[in-house]
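Residue numbers for the sequence shown follow full-length UniProt numbering, beginning at 1 and rising by one.
It is possible that part of the hints are untrue.
Stated by the list, open to error - Quick list of simulated restraints, FRET-style, between CB atoms: (1) R232 x P203: 22 to 28 Å; (2) V193 x F222: 19 to 25 Å; (3) V146 x N244: 34 to 40 Å.
Quick caveat, the hints were computed from the structure, so don't treat them as lab data. Glycine is no exception: its CB is placed at the ideal position from the N, C-alpha and C atoms.
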Amino acid sequence: MDPSAYPAEHAQLCLMLPRDISAKNLTITTSSSAAAVLSSSLSATSNMAAEKDMPDAAPPPDPSLSRTAAPDAANSSSVPSQTIHIGTRKSLLARVQADEVVRHLKAAWPQHNFEVHAMSTTGDNNQSTALHKFNEKALWTQELEVLLQSGELDLIVHCLKDMPTQLPKDLVIGGITKREDPRDALVIKPSLVGKYRTLAELPAGSVVGTSSLRRIAQCKRFYPHLKFTDVRGNLGTRLAKLDNPESEYSAIILAVAGLNRLGMGERITQHLSKLSGGMLYAVGQGALAIEIREGDERVKELVHAIGDERTTREGLAERQLMRTLEGGCSVPIGVETEWVSRKGLLDTDVGIGVKPAEEYHKLTGIAETDLGGKTSENKKDDEGKESETLELTDELIMRAIVISLDGTDAAEVEARRRITSRQEADEFGFEVAKQLVAKGADKILEKIQLDRGIIQDQGNA
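Can you build the whole structure from these sequences, using the hints too?
Structural data, given as structure tokens:
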């Protein structure tokens with residue numbers, strides 16, 4: 001494959017001057033206010049260069065593995081203070097996520113003011129329709145993107161998994177912050193916690209709530225004795241439905257990241273993964289993406305200071321896989337990515353894919369970085385000076401699945417590759433998608449689209 005056929009998705013960020021936010025449906029909050037609330041189908045290779053998250057750079061750089069260091073006090077103090085307008089959704093989780101980004105930005109750029117503006121999106125306004133019945137792919141982003149395009153917002157904080165793989169042509173992902181635990185979680189009804197801990201233990205006929213076709217399809221494959229029904233609403237609403245003694249739900253499946261960010265991690269009764277429960281997570285799950293206007297160089301500088309290169313490469317590989325398959329939130333595509341040390345896990349040893357999911361948070365070869373880009377295991381250069389840049393010696397494992405809606409047919413791939421640049425991450429995602437197609441993923445996706453069309457036609461009759 002010619003490498004030039006792949007997009008070199010490099011972050012482009014910028015900063016806009018203060019402006020008046022006039023949109024009537026915006027609610028202005030601050031970082032502290034959100035905290036107070038908390039306390040109460042295969043694409044053609046020739047088209048890939050135009051279908052990208054991050055714009056090309058010429059010549060494409062090979063980014064550092066450590067996060068870019070925040071400017072020191074001497075440099076940052078010389079930059080005039082400005083007010084940066086940040087868009088997010090109105091839900092409590094969305095505001096907490098925006099707060100997380102604001103904290104990082106304030107640490108890197110203490111001279112600036114950051115205002116969070118929250119609004120509802122199509123997905124927020126319709127809480128009754130099952131997600132897979134929406135035809136739109138920008139359920140959670142479109143209204144905010146209009147304000148970003150108009151200049152009323154400087155950047156938007158999204159869950160990466162909520163972002164469509166095809167962004168408006170003048171908008172890009174400017175940066176991706178360090179990933180929270182991306183796995184799914186099983187949450188059991190409180191009255192049943194003492195009796196059951198896992199999906200396998202739930203008795204036949206138990207009702208499990210989830211709005212995700214990906215989760216339902218994978219669960220039907222391994223747990224045909226269970227029933228699955230849609231459950232919509234923000235995280236608190238879904239937990240309330242579960243906890244209601246009169247509700248039908250024995251359990252619900254949620255994202256670990258959302259529970260952790262809201263301080264509800266203790267509700268988790270089972271962490272789901274390939275090795276535990278047979279569940280692969282959604283593309284981009286657990287990561288926060290910052291969307292900006294393409295070519296807005298001042299915001300580029302802001303966001304570049306808080307991005308996480310390791311997470312970015314994971315996200316780019318996962319999104320390229322989904323983009324190539326032309327999938328979205330309503331298509332059962334699951335992934336699982338992890339970095340493994342070439343020194344600590346060799347093909348001649350016990351093989352790949354053996355590290356338990358519970359070890360996800362542990363680094364396996366790349367020293368962890370703090371917000372300022374300092375590494376916990378700095379290396380020395382030829383002159384004996386400490387270097388903040390780590391050489392990539394790890395490889396990325398990607399497990400991916402495309403599964404039929406009833407869970408009876410699946411195409412699965414597990415691949416491994418050394419990733420030294422963002423372009424290589426794109427290439428890896430594309431190659432994994434091709435392997436899935438070779439195993440029949442295209443036929444599964446075609447049938448899903450056909451079945452959905454029949455259902456929609458019947459609904460319109």
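Now for the hints, and whether the structure bears them out:
1. R232 x P203: 22 to 28 Å: The hinted range 22 to 28 Å holds for R232 and P203, with Cβ atoms some 25 Å apart.
2. V193 x F222: 19 to 25 Å: Holds, since V193 and F222 (Cβ atoms, about 21 Å apart) stay within the stated range.
3. V146 x N244: 34 to 40 Å: Given range 34 to 40 Å: holds, Cβ gap about 37 Å.
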